[in-house]
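Q: Sequence:
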Amino acid sequence: MRYLQPILLRYVYAPILAIVFSFAYPESYTLRYDPMVIAGFILAHFCLLLILLGLVFPRYYNVFIPPGRRTEGKEETIANQPKEQELLPEIGVLDCETGVQELVSDRKSSDGIDTGHSKGPRL
Numbered sequence: 001m002r003y004l005q006p007i008l009l010r011y012v013y014a015p016i017l018a019i020v021f022s023f024a025y026p027e028s029y030t031l032r033y034d035p036m037v038i039a040g041f042i043l044a045h046f047c048l049l050l051i052l053l054g055l056v057f058p059r060y061y062n063v064f065i066p067p068g069r070r071t072e073g074k075e076e077t078i079a080n081q082p083k084e085q086e087l088l089p090e091i092g093v094l095d096c097e098t099g100v101q102e103l104v105s106d107r108k109s110s111d112g113i114d115t116g117h118s119k120g121p122r123l
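If you read the sequence shown in our numbering, its first letter stands for residue 1, the second for the next number, and so on.
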């Protein structure tokens, strides 16, 4: 299904949206003094301007990406090697009856074997 989306976007959705948008011009002229039509017309053109800005200058939208995630997808990869992932910190829960902190994580390695970090008290 993923390979079908670009085809639908280019050859189906885009022409339909262009036809619907072309209907707006003659209709907006007959209702040119209606405040809602004026606001919608201005908003639609502003959105189109933002979309075109994103197509021409995509780096202008980098401010919306959190700084810690801006380098994702730029790491070097090797064929048939899993990508290195950072380990998440262990989260502990305090058992009220015994007063011992227990670990909650049920992490397993990539081959499904328990890594041994998931059970036992944390001192």
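Since the hints were made in silico from the structure, they are not lab data. Note that CB positions come from ideal geometry on N, CA and C, so glycine has one too. Incorrect hints may appear among the rest.
[As the list claims (entries may be wrong)] Pair ranges (Cβ atoms, derived):
#	residue 1	residue 2	range
1	36	80	17 to 27 Å
2	81	39	18 to 28 Å
3	8	71	51 to 61 Å
4	78	19	21 to 31 Å
5	19	80	39 to 49 Å
6	27	79	32 to 42 Å
7	83	39	28 to 38 Å
[To be verified] Straight-line Cα separation of at most 20 Å, SDA-like style, residue types lysine to any residue; simulated pairs:
#	residue 1	residue 2
8	74	58
9	74	63
10	74	64
Q: Each hint should be assessed against the structure and marked as holding or not.
A: Consistency of the hints with the structure:
Against the hinted window of 17 to 27 Å, the Cβ-Cβ separation of residue 36 and residue 80 comes to about 58 Å, which falls outside the hint. Checked against the given bound of 18 to 28 Å, the beta carbons of residue 81 and residue 39, roughly 54 Å apart, lie outside it. With their beta carbons about 31 Å apart, residue 8 and residue 71 fall outside the hinted range of 51 to 61 Å. For the pair residue 78 and residue 19, the beta carbons lie near 48 Å from each other, so the given range of 21 to 31 Å is not met.
A C-beta distance of roughly 48 Å is found between residue 19 and residue 80, which places it inside the suggested range of 39 to 49 Å. As the Cβ distance of residue 27 to residue 79 is approximately 56 Å, the hint placing it in 32 to 42 Å is violated. Checked against the hint of 28 to 38 Å, the pair residue 83 and residue 39 fails, with Cβ atoms roughly 47 Å apart. For the hint pairing residue 74 with residue 58, the CA-to-CA distance comes to about 16 Å; that is within 20 Å, so the pair holds.
Between residue 74 and residue 63 the alpha-carbon distance is near 18 Å, which keeps this suggested pair within the 20 Å criterion. This hinted pair checks out: residue 74 and residue 64 have alpha carbons roughly 18 Å apart, not beyond 20 Å.
This entry does not satisfy hints 1, 2, 3, 4, 6 and 7, going by the numbered hints stated previously.
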